[in-house]
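Peer 1: What follows is each chain in one-letter form.
2 protein chains.
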Amino acid sequence: MDNMDQIVTTVLQEIQKCGIIKEQNLIPVGISNRHVHLSEEHLISLFGEDAKLCKIKDLSQPGQFACQECVTVVGPKGCIENIRILGPTRAKTQIELLAADCFKLGVKAPLRESGKLTGTPGIAICGPRGCVNLSEGAMIAKRHIHMTPQDAERFCCRDNEIVRVGCCGERGGILDNVVVRVTEASKLDFHIDIEEANCMGIIGSDKVKIIK
Amino acid sequence: MDNMDQIVTTVLQEIQKCGIIKEQNLIPVGISNRHVHLSEEHLISLFGEDAKLCKIKDLSQPGQFACQECVTVVGPKGCIENIRILGPTRAKTQIELLAADCFKLGVKAPLRESGKLTGTPGIAICGPRGCVNLSEGAMIAKRHIHMTPQDAERFCCRDNEIVRVGCCGERGGILDNVVVRVTEASKLDFHIDIEEANCMGIIGSDKVKIIK
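If you read the sequences in order, they're chains E and D. In terms of the numbering used here, the first sequence is residues 22 to 233. In terms of the numbering used here, the second sequence is residues 22 to 233.
For the record, the hints were derived by calculation from the structure and aren't laboratory data. The C-beta atom is built at its ideal place from N, Cα and C for all residues, glycine as well. Take the hints with a grain of salt, since some may be wrong.
Short, incomplete list of chain D residues facing chain E, as computed with Cβ under 8 Å [to be verified]:
#1 Ala121
#2 Asp197
#3 Ile215
#4 Glu217
#5 Asn219
Listed next, the stretches of chain E that the computed footprint assigns to chain D, with coverage defined by at least 3 CB atoms under 8 Å from CB atoms of chain D [to be verified]:
#6 117-131
#7 188-197
#8 205-219
All chains, please: the whole structure from these sequences, using the hints.
Peer 2: Here is the structure:
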């Protein structure tokens, strides 16, 4: 009977997370490795006066792309080579690290939403034409969902709302504190980093569900 | 009012996971990096005829220890150096990898409980005195809780039961499919790997809670 109780509980949990779900309620997953967004000024400092970012792949969010160019990020305890730049250039340079990178680099990067750099630590970035000592910009990206106002209506979410996300599978579970970002120019996508994806056993073709 | 509903929901979730909890219901966390357990035969093959494992640190489980000795693991796509050996030697050699390592090495290691090697892929291990081509033994460790029968009674758990574990904090959530392992020789500890810890924002001094 104990076993039966456990089976019923487990099945109910799986149904809540993954089970009787209509396809239109599922959210695609975008998995990020560590990456850098550069300002125009820093692009020139690192890659030279005439530098232009060279797109190799479009990303899920309209207008965003992975670039051929990579940089080395150097912290007080170590460095990481071949960190991909994501384009286009932005108003401020920002380095999105994995939590494991912070130990290797010796930098205490906080969990932040993209663009919210105030109070983040600086770090050095090196490119083929020079290095830049940033005074701020190192962060671990806070997991988030991009969606349009139409998606937001469908999912009963508001911009900046904090939701939970259920992940199915052998290594599944629930991720708390997921920020919803609603803009007209978004494409529906749940953004996590490689460590989060590996923890939950998620690959790029998986889909997840908002749990309220 | 919408905001109020959200606050109430969030607070209730936090209370369920982390809130009004007696200290004796919390479980300490042990975070593992990739590591290797060697058989006597493979210890000799890799480190020489008179090799002995040299303890540098006791681990949470009685009799288990981290060794001075490290090995290089080599897969079809790459290698990883300086993988720590955990002692004492075991009946069979086993390599516990992070999910990220599997991409780097080019090996599809399944999620497994320690010791359950049947069907796991082989890989090469190299030490200072030679290499061994394993026919099996590469796995990603399935998250688990070690406890004594007395702990099991306190937590209302049985050996081999699958439970969920709630993790507090800014990057918290719930980890599903956690195996409970009950033995007299255990010490209460929730074992996860570095990627799982980083995903949940957990450090070694944190404590977690079983959620049924």
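Peer 1: For this structure, which hints from the list above don't hold up?
Peer 2: Hints that this structure does not satisfy do not exist here, as all of them hold.
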